[in-house]
Every structure is written in C-alpha cells, then in structure tokens.
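Engineer: If you read the protein sequences in the order shown, they are chains H and G.
For reference, each letter of the first sequence is one residue, going 1 to 115 in this note's numbering.
For reference, each letter of the second sequence is one residue, going 116 to 231 in this note's numbering.
Please note that the accuracy of each hint is not assured.
In silico DSSO-like links for lysine-lysine, alpha-carbon gap of 30 Å or less [stated by the list, open to error]: (1) 15(H) - 78(H); (2) 131(G) - 188(G); (3) 15(H) - 223(G); (4) 223(G) - 11(H); (5) 78(H) - 118(G); (6) 223(G) - 78(H); (7) 17(H) - 78(H).
For the record, the hints were derived by calculation from the structure and aren't laboratory data.
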Amino acid sequence: GAGVSQTPSNKVTEKGKYVELRCDPISGHTALYWYRQSLGQGPEFLIYFQGTGAADDSGLPNDRFFAVRPEGSVSTLKIQRTERGDSAVYLCASSLTGGRGETQYFGPGTRLLVL
Amino acid sequence: AQKITQTQPGMFVQEKEAVTLDCTYDTSDQSYGLFWYKQPSSGEMIFLIYQGSYDEQNATEGRYSLNFQKARKSANLVISASQLGDSAMYFCAMRERLNRDDKIIFGKGTRLHILP
Chain H
1 GAGVSQTPSN KVTEKGKYVE LRCDPISGHT ALYWYRQSLG QGPEFLIYFQ GTGAADDSGL
61 PNDRFFAVRP EGSVSTLKIQ RTERGDSAVY LCASSLTGGR GETQYFGPGT RLLVL
Chain G
116 AQKITQTQPG MFVQEKEAVT LDCTYDTSDQ SYGLFWYKQP SSGEMIFLIY QGSYDEQNAT
176 EGRYSLNFQK ARKSANLVIS ASQLGDSAMY FCAMRERLNR DDKIIFGKGT RLHILP
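Bound-form chain G, shown alone (with noise of 0.2 Å):
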C-alpha cells in the first residue's frame, strides 16, 4: 500500500486563484512529519512547509498553508493567490520513525500548470 498518495497527477488553474492540491498519507506512527516540497522545471527540490503530527494548529508560510485534518489522514496544500511562477511539480512527503529508524517517503506528484 502506498505512504503517500496524492491523487491528482495534473491540474490546471488561473491565475489569481487559490488552489488545494491533496495529499493523503498512511502510517501507524504517533509521530511524523509531513512536507510538501515544489519541484521546478529546473529540477531543484524546493522546501514549502511543514507540519508535525502533534502541531495544533495549520501550517503556514506565506500563500502556502497546510490544511491538516489528522483523523483523515490528510495534509492537503493550499496555496492562495496563485502565480506564474507556481507552474511546477509538487510532491507531499512524509517522515516517521517506525522501529528506531526514519523513512522520509515521497509521493508521485501532482503537476500543477498556471494559466495566464
């Protein structure tokens, strides 16, 4: 079964608009981090946000916000305000620490294209 599933493989938005690109995760860990990185034509893994299992409140860093909904399993990503510059790869992850050792697990990605 997979950690990490985000469900989206590509989607299209206007600019100026708010997007939620979803993320569902699987793990019997009380403790875990879940992330989401951009990832650019140009290849580079860039670090959005962060949210830990125990944080109370929704992540948030500038547009980007995390919309996490534990019971569910959920850590869907929302970024407001949409831009050119957002056309890119985006890929949840997770981190949890099962028998002493860390896994940090990647989803497939959801290929977001802003339209102008």
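Next comes chain H alone, as it looks inside the complex (with noise of 0.2 Å):
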C-alpha cells in the first residue's frame, strides 16, 4: 500500500480489558510516531520510533501504555487495564528519516472507546 495503514479501524472494549493497536508506515519509513487525539483537541504525542528503537517516548502517560516496533516496520500500541479516559484516535505517523523538517504522512487512526 502506498500510505500509512492502521487496524483496526474502530475498536470498542470494556474497562480493564487488554487492546493492541497495529501501524503499518510507507515502506522504507525508519521514523515512526504514535499520537493521541482526544475529542476537539489536537494531537498528543506519545512516542517516536527511530528504526526498531523508542528514540522518545516521552509522551506515553503511564506504563499501562507500551509500543514496540520489533523489526523496524509495523508497530504495535498496547494499552493494559484499559481505562475510559484512554478513549480517544490512535493516530500512527510516519516519515522518512526523521528529519527536522520531514513530513510526516499520518494514517487514519484507530478510534478507541472504552465502555
């Protein structure tokens, strides 16, 4: 696919539960970002990814939330003991190297409600 695929699309789950959100960059993309857009509000930054590596990921609220990107491609968000304020669109991006001045190609997020 030529743009940032994200799955899934939609996901409903209970308090508490486990989820698991999966980004998939342009192919070639080494820079890799998770975001977190609340309603009305703009997006959050949560981590960034350079290669297979967390180069900040500073942005993550708590240790209930953990990303991996384990051979430099897909990553994955996981969310534990999920809570209803984690309610939100994961919005995964992507670019080139991770330049200063690169754009970043944004997927279409993944809209998480928690019950």
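Fit chain to chain and form the complex, with the hints in mind.
Structural biologist: Structure, rendered in structure tokens:
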C-alpha cells in the first residue's frame, strides 16, 4: 500500500481489558510516531521510533501504555487495563528518516472506545 | 505553559477571501521546525506546509503561505482565495530538539468554515 495503514479502524472494549493497535508505515520509512487525539483537541505526542528503538517515549501517559517495533517496520501500541479516559483516536505517522523538516504522513487512525 | 497557541477556536470566512490562521509558539531551542496540518471531517491529517527556524524566506505551497515572524514567535498560516473544500480543522505544530530528544507538539486547532 502507498500510505500508512492502521488496524483496526475502530475498537470497542471494556474497562480493564487489554488492547493492541497496529500501525503499518510507508515502506522504507525509518521514523514512526504515535499520537493520541481526544475529541476537540490536537494530536498529543506519545512515542517516536527510529528503526526498532524508541527514540523518545516521554509522551506515554503511564506504564499501562507500551509500544514496540521489533523489525523496524510495523509497530504495535499496547494498552493494559484500559480506562474510560483512554478513549480517543490513536494516530500513527511515519517519515523517511525522522529529519526535523520531513513531512510526517498520517494514517487514518484507530478510534478506541472504552466502555 | 502551552508550547503552541492557536487563539481562534473557530473562524467563518466567505469563499474566495484570504484567511489567516494564527499560531504562536514557545521554545528555547534555536533549531526547530513549524508545521501546519489540515484535518477534514473524515479525520485524516494532511500536511500543508513546513518552515524551518533558520529558513530566511517564508514558506509557500500553492495557495498556502506561512507568515513566519521569528522574533515574535509566530507562524501564521495564510490561505489565499479560500475554497469550500478548505473547511476543516487546522493544526499548527512544532518539532523542537531539547536534550537530544525530539518532541512534536500540536496546538488545539482552529476550525475553519468557508461560506458560499
């Protein structure tokens, strides 16, 4: 595919459950970013991967959130013991090398609803 | 303190008029980048324009231009000859490098409505 893809597009879960959100970046892009966008807000930075390693995970709100990118392509955002406040759209973006001026290409997002 | 401030939560503009969306930022970094993104009701984030802090010329991309005033720490987006399809949320964002960590920060956005 040409663009960033994210699955699932929608996820409904119950409070306390575990969820995994997947991001497939543009082929060849080494930089990958996760954001969270709550209703009426701008995207909030969560974590930035350069290759397989998390270059900056300072945006993860707490230790219930974890993300991996084991082979430097697909990334999975994992949320344990979900809370209602985790409900948001989770956006993934990728860029070629992570350079400061590079365009970040966004996926369509995963809309997470925690009941 | 907010890093990116967009003071206009909503704007209504007549079609074909020019529109300026305000953005001010706060950073102690000397080297940073500023971005504008458009988010239509469908939800995807569309990159519009980029300005580097050391770029001497204001960035332009078609009908979009960025009015960069470094001393005032402002990076307003100007859309010329607005079209109905410009109706969307617009986000200003900054990438700065502090202590070897890159952070990308978005403002709260401005909802632009273009009137026929």
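Engineer: Hint by hint, say whether it matches the structure.
Structural biologist: Consistency of the hints with the structure:
Using a Cα cut-off of 30 Å, the hinted pair residue 15(H) and residue 78(H) holds, with the two alpha carbons roughly 14 Å apart. Taking the CA atoms of residue 131(G) and residue 188(G), the gap is about 28 Å. The hint holds against a cut of 30 Å. Restraint check for residue 15(H) and residue 223(G): the C-alpha separation of about 27 Å stays at or below 30 Å, so the hint holds. With a CA separation close to 24 Å, the supplied pair residue 223(G) and residue 11(H) stays within the 30 Å bound.
For the proposed pair residue 78(H) and residue 118(G), the alpha carbon gap of about 28 Å is at most 30 Å, so the pair holds. Of the supplied pair hints, the one linking residue 223(G) and residue 78(H) holds, its CA atoms being roughly 25 Å apart against a limit of 30 Å. Among the hinted pairs, residue 17(H) with residue 78(H) is consistent with the structure: their alpha-carbon atoms are about 11 Å apart, no more than 30 Å.
Taken one by one, the earlier hints all hold for this structure without exception.
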